[in-house]
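The task is to assemble the complex, starting from two chains supplied on their own in separate frames and drawing on the hints.
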Amino acid sequence: MASFSHKDLLGIEPLSVEDVNLILDTAATLKEVSARAVKKVPTLRGKTVINLFFEASTRTRSSFELAEKRLSADILNFSASTSSVTKGETLLDTAYTLESMAPDIIVIRHESAGAPHLLSRVCHSNIINAGDGMHEHPTQALLDALTIRTVKGHLDGLKLAIIGDISHSRVARSDTILFNKMGMDVWVCGPPTLIPWDFHKLGARITAHIEEALEGADIVMMLRLQNERQNEAFIPSTREYYNLYGLRRERMRLAKKDTIVMHPGPVNRGVEIDSDVADAGYSVILNQVANGVAIRMAILYLLSGNAGLRPKRTAR
Amino acid sequence: MQLILRQGRIVDPSQKLNKVADVGIEEGRIVEIAARIRKKGRKEIDARGLTVFPGFIDMHVHLREPGREDSETIESGTNAAARGGFTAVACMPNTQPVNDSKAVTSFILEKASEVSKIAVYPVGAITKGSEGKILAEIGDMFRAGIVAVSDDGHPVQDSQVMRRAMEYSRLFDLPVIDHCEDRNLSAGGVMNEGYYSTLLGLRGINPAAEEVQVVRDTILARQTGAHVHIAHISTRRSLEAVVRARKHDKISVTCEATPHHLLLTEADVCSYDTNMKMYPPLRSREDVDALAQGIASGDIDVIATDHAPHNINQKMLEFDRAPFGVIGLETAVGLICDRFVRTGIITLERMAQLFCSNPARILRLQRGTLAKGSWADITVLDMERKYEVRPEEFASRSRNTPFAGWKLRGGPAMTIVKGKVVWSL
Chain A
1 MASFSHKDLL GIEPLSVEDV NLILDTAATL KEVSARAVKK VPTLRGKTVI NLFFEASTRT
61 RSSFELAEKR LSADILNFSA STSSVTKGET LLDTAYTLES MAPDIIVIRH ESAGAPHLLS
121 RVCHSNIINA GDGMHEHPTQ ALLDALTIRT VKGHLDGLKL AIIGDISHSR VARSDTILFN
181 KMGMDVWVCG PPTLIPWDFH KLGARITAHI EEALEGADIV MMLRLQNERQ NEAFIPSTRE
241 YYNLYGLRRE RMRLAKKDTI VMHPGPVNRG VEIDSDVADA GYSVILNQVA NGVAIRMAIL
301 YLLSGNAGLR PKRTAR
Chain B
1 MQLILRQGRI VDPSQKLNKV ADVGIEEGRI VEIAARIRKK GRKEIDARGL TVFPGFIDMH
61 VHLREPGRED SETIESGTNA AARGGFTAVA CMPNTQPVND SKAVTSFILE KASEVSKIAV
121 YPVGAITKGS EGKILAEIGD MFRAGIVAVS DDGHPVQDSQ VMRRAMEYSR LFDLPVIDHC
181 EDRNLSAGGV MNEGYYSTLL GLRGINPAAE EVQVVRDTIL ARQTGAHVHI AHISTRRSLE
241 AVVRARKHDK ISVTCEATPH HLLLTEADVC SYDTNMKMYP PLRSREDVDA LAQGIASGDI
301 DVIATDHAPH NINQKMLEFD RAPFGVIGLE TAVGLICDRF VRTGIITLER MAQLFCSNPA
361 RILRLQRGTL AKGSWADITV LDMERKYEVR PEEFASRSRN TPFAGWKLRG GPAMTIVKGK
421 VVWSL
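Here the protein sequences come in this chain order: A and B. Just so you know, this note's numbering puts the end of the first sequence at 316, numbered straight through with nothing missing. Just so you know, this note's numbering puts the end of the second sequence at 425, numbered straight through with nothing missing.
The following block holds chain B by itself, in its conformation from the complex (with noise of 0.2 Å):
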């Protein structure tokens, strides 16, 4: 056999495994697992004190080329990726050119093939430039290979665009991720509004600009029959929406939520960090409550991290003038790991589906299993490992992250893609 991981805890909800076993891979692919293979494998791994899980996947990141090589390459964002325990990711459209063609998708994916050791799977853009206007070639980039749909960071406004954007993403089958932002409600603001903006004399965003485009969506959603998928939701009201368009009008709407969202309040801006500033902003500590209790219930379907880097000289500016976003690739494992996992609120099973098996459902990726016969694509992580959150030290261009200096235990051991270790300790 090619590659076989020994004695790793495996943790696969698509197949109820929670066991200590080996997992033997041949041709890139798992042919076995077992309490214990008799075979001997070219590589043998000890994953003893290990844990085994399909390949986490980032459904939302910002890879930034073409046009912004200076924030982070495809390159660099795929060995963060890596680093941080993914094996694949989708990137947004918001590059410079936008990818709203088909050329841009395969210049995405070519250069993804040359220089990534990971998955990399485009989301397109829904209008053209993401103007919000005018259609993109949906069907001519789901033939180049988009996975979903999505104006990230420029969302639809006009909601007859959005209206047609859904019924014309059906012919593919595609999912549409909102970022939903109603730009008139948020106008201006750099913070979530409330008592913090108030006192720090920031311009607020009032929560109301993210709510009313979730239960818009969930209205043309139920119209349209289109999947939608609401990108980094960020208040209580937001995901009460979504629960109840899924849960009483059977619609089919999933959302995720990122780290910073679950780990941060809107009071962590009272330093006028700027790694603090993001769409959406930090919210109450009401919101972030709900959005911990959506973790662990499920309502939250998949955990990502809308990974966005800015070089410093981007972020190093007065607060109102840095731009959005935060990264977060090389820290949301860890996070979780710690946070959520170590203390008790979420089990082994449901990270695995945070990270694998919603995402890969959602996207329609035949990936997030230790199924035989699947790619051999696994995240191993060392859930007692301690240390300290350094970005000096990620493979990412930028550094934009507001948690440098956590104290962390638990986190990425090492990644595998189709049988090859990418990244180890």
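Just chain A, with the same shape it has in the complex (with noise of 0.2 Å):
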């Protein structure tokens, strides 16, 4: 078996292509354990995870927590709105307090772009990013992956169309990247004020229009449009952009017969995608959310094994 050379896991950009199949194979195997009578494995057994969600999160930090708990691993549940942050201390200074609890791994959502990559240069301990700002969400792109594979048994050649709030969304990068890198043919569509400047140079073919996305797509991926967009000028409304880009059964037609549905949630019923799409049979929404706890063990595993892979303190 190939081996997992990584101390953190930041984000999908530097994985490579061995990486992510590890990635897959390894949680494939590890679903096993999740329709067990007994859903734990001793592989973590001794070993300490600390969660440090800086950002509301209730379905990747639940995802997390089991992973870990099926892993066996005792658990530290850090939220910045219950702690020293909200006296002014700063990641740093939370960073080093944690790390002299020396546990092994820490898993870290933040609204802040490059927040796990400032844990990563000063912890020893291995680092997850669970969601930093609008940069990467790699965990739940592995999961996605995960998703369309058991679905589809293979990823090369599969077209993807990513459609809403590109610009805004961790998801649309880490999917692009990770699904360009496994040779998925990745569109991205949505309204051209919310398609980052340069957005194809990572590997996506961009539309404006959801027609031409959706057109043989054999994986629709949906992202939630948040109701703040049409106050900062991206769109005129929710109404406008639901004629637009919203996902309606009629415009089904176009993608693929044997296509699906994913969406990384929460769910915009009636902005971003209907609700008779979001719960026909086509939709894999809820295979997404089991996988996530697979892809979870499965990176804690990985990550596990490489704790002295990096044993620096750089002072800057």
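Think of the hints as simulated: they come from the structure by calculation, not from any bench. Just so we're clear, the structure is a prediction, and the values are computed from it rather than from any experiment. Backbone N, C-alpha and C fix where the C-beta goes; we use that ideal spot for every residue, glycine too.
Here are the simulated EDC-like pairs of lysine to aspartate or glutamate, each with C-alpha atoms no more than 20 Å apart in a straight line:
1) 256/A to 211/A
2) 201/A to 286/B
3) 47/A to 99/A
4) 201/A to 268/B
5) 257/A to 212/A
6) 418/B to 110/B
Covered stretches of chain A (in silico footprint by chain B; criterion: 3 or more residues with CB under 8 Å from a CB of chain B, positions within the stretch not fixed):
7) 88-99
8) 191-202
Chain B is faced by these chain A residues, among others (derived, beta-carbon under 7 Å):
9) 112
10) 113
11) 114
12) 115
13) 117
14) 133
15) 134
16) 135
Next up, the structure:
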């Protein structure tokens, strides 16, 4: 078996195709644990994992927690709203404090892009990026890959249409980078105000027209549109957005017959996606959630073998 | 004689000098430049192998005093300047309180006369509190000693206010220095908008935020006849607008560039190192190449540092939360020696224009020349010295440099102000 040579999981960008396949294979194996009557293996017994969440999160956080528990890790949950952060403590001081408790792995979700990289520079622990600002959300992209691979049997050659607010989406970035790496035909679609500059250089084809994106798509990935975007002059109204970019049943006819619909959640019914599409047979939104636990177990497992990879503390 | 510098290479474009000679100084002023001065000096300096320039002037620094003495003081900032080869600095008004009154201007000058070994020239605010609404008492500050006006860091958004400021500044023949930034276009941005902001998930600053203000300023300068100086120019299109205004429309507009905008690109932000965060942001390779071209051709008048000290606690934050700005006083001259002079992109004469005669001309200072009778402000460089940039050795109170660890050849060897050696290796 190939080995995983990274100390941290900061993003999809640094991963090779072999790394991705190793993670997906490991996750596929670990999925079986969640099907057992006793959903626990002793893999991380005696290891401490800190979940450091500076941003509200329900699904990612519960998914990580469940993955950690199923691997028998000891868990410390740290949320910014109830901590010294509200008293003005900086991220680095928080990191030093936590680091002195000798954790093995730190999972971090933060609203600033690059926050996990800052931790990685000063911490001995393995760092897992659970979403940093508009930058990356690598475990989400990996669970998307596992979901697609499970349903379609492979990734290469498939057409993926990512539709919605690309600018503010870390999922769009991680997915695009990952699926381009894995040989898929990645399309992103949204109003020109919500497509960042030079996004095509990440390996995607860009269109402003949903019909073009959906045409022959094997996978349709819808992104959440935040309501405040209409107040920031990105779009005139959610009503007009729905008319132009909402995933409605009749639009689904453009996609392949065996297409699947995905959404990283939380779903904004009636804005980016209609209920009858979100709940239809081709929707794999709930499979994504189930695969999330397996992917996070795989990451925790693979990184925990690499604790001593980079034992340095860089003074800046 | 008080002091004689023996046998250095004298480079002074104001006298078309580039030759090995002796420089004689008496009562703080240059009294003689000759192949060999026969008289004895009370102090003599062997300058063989060294290059002797009129004193370098950094026309864009932040000394942080009053208000943020944790990051820099007039004393530490001017010590850093002396160590970096500068004999004079112009300090921007965004202190706390803002230098928008005679009282603050006088405070800075009095403090400088007590603690500074080099000359300090305050820049006054354009508007009260740099709030962009009401003109500051520019006449009062002019009498107290300001050499320019600027709302650097809080640029005037209202074009009518900017027009009035330009009209009014003509009364005192003061240049208007503008940090060009349309705050609506730049809102929320932390790095240059482009491929790298997309890749890094950081909010972008559209280069147009600078360019539209540069164009606005050239149009207003033509109307008002004011002298506009564009601070820290950073894009190809901004430079093109300045060149067009100056060459075709004969408008009195000048500009400066910083060493970091000449030597780093947006790709350097990839590590999320907050020492790569400044305003204007690091730009594309294309922009950087255009600026280097502008330095070589003379389209860019001045190299200034925009020395912006922030103490380490302020900078050791998430990238989008850290303040904008990097220090530059102790690295600028060495970087330009190594990357521009030694590589043959510019001559020693051009270096002298960028660092002395042009800033002196723009700010109307009686400096920037070694002509007989002028103050003996002298920057001595050793073009051969090899060293590494070590922030821990800086005289500045701050360490926020993007150049830590750079290996350079050529840099300051001695700084002389009014005939007194204020710093030497």
